[in-house]
Amino acid sequence: MFRLKTMIGLFAGALMLTAGISQASATELRIASGFGDNHSATRALREVFARKVEELTDGRYTVSVFPNSELGQATEMVNQAQSGINFGVYVSSAFYNSQVPELGVTNLPFVFPDRETAFKVFDGPFGDKFKPLFEKSGLVVLGYMELGFRNVTNSVRKIAEPADLKGLKIRLQNNPVHIATFRQLGANPVSIDGSEMFAALSQGVVDAQENPYSVINAFRLYDAGQKYMSDTGHFFDVIVFAGSKSMLDAMSAEDRQAILNAGRLATEAQRKFAKEDEAADLKSILSHGVTFTRLTPEEREDFRKATLPVYDLVRERLGAGLVDEFLADVDAAK
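For reference, each letter of the sequence shown is one residue, going -24 to -1, 1 to 310 in mature numbering (1 follows the signal peptide of the UniProt record, and there is no 0).
Everything labelled a hint here was simulated from the structure, so no lab data went into it.
Ideal Cβ positions, reconstructed from N, Cα and C, are used throughout, including at glycine.
Among these hints, one or two may not hold up.
[Unchecked claim] Simulated restraints on C-beta separations:
#1 T38 <-> H264: 35 to 43 Å
#2 A256 <-> R159: 27 to 35 Å
#3 G60 <-> D13: 20 to 28 Å
#4 S59 <-> P273: 43 to 51 Å
Construct the complete structure from the given sequences, taking the supplied hints into account.
Written as structure tokens, this is what we have:
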């Protein structure tokens, strides 16, 4: 009996030791972003990507997600993934300007009528053509997630026509197309990282900003003096979830494919989460006393017409062929 108990104890100890060794030998994949804990992308990466990576690689890899700009500003986090300091990053497409400037064509104002059209383009041949460009810069696209339609908020007045933006100091991402668009509309753009946006608005460094409802709500920008919001929907923005090419290339073919599969599943889940969250985010914003201006189709058309010169500017910067191909793809996807 004593011998049996001893053998059982030794066997249990061996199992615990084996589990400990297996856990210790797992490679941690660190993923960074400025989005918060409750953002749809963070949830999808923690709930789907992390689980599927561990499952599909039999525990050889684990995933740790660092939201809230814990690992730096957006451009720093992109560079960390490029160099392999961290495995991945999920930020707005605007923050990949240095790596893939051609991606800027998708930031044209008032180009996508709805999310369905946008994802037909990103999931098709046009979206695929950016992937080799990312790889040349040391990144692998694991998914085009939804950030959503961007809307203007400000502390001064309601925005219902282009003239209402004149003279407003507006916080923007460091994106050439975004900056050109708001200059064309008469505003004064100021590039500020998302981690510093709340303070800049609270202190009056800028009057306005533009973001999807999910970000406006998560950052509680209504507490930063943003009294007015309009559903301008001027840009449809995607989150590019990208991984380190050097780290992926060092994996076995099986594990690399597992990571790609997990990225696809997480992207599908994130888009679903984002669509479900939109109405709740808007309701939450309005519950804090924000004055909401819903544009009529005629008013939105006035904004679109006012930004048409930006299309010519982008043609000059990125090439008429790329712009025309993109616009043809959008038209075909409608």
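For each hint, the structure was consulted:
For the pair T38 and H264, the beta carbons lie near 38 Å from each other, so the given range of 35 to 43 Å is met. Checked against the given bound of 27 to 35 Å, the beta carbons of A256 and R159, roughly 34 Å apart, stay inside it. For G60 and D13, the Cβ-Cβ distance of about 25 Å falls inside the hinted range of 20 to 28 Å, so the restraint holds. Judged by the Cβ atoms, the range 43 to 51 Å given for S59 and P273 holds: they are separated by roughly 47 Å.
No hint from the list above goes unmet by this structure.
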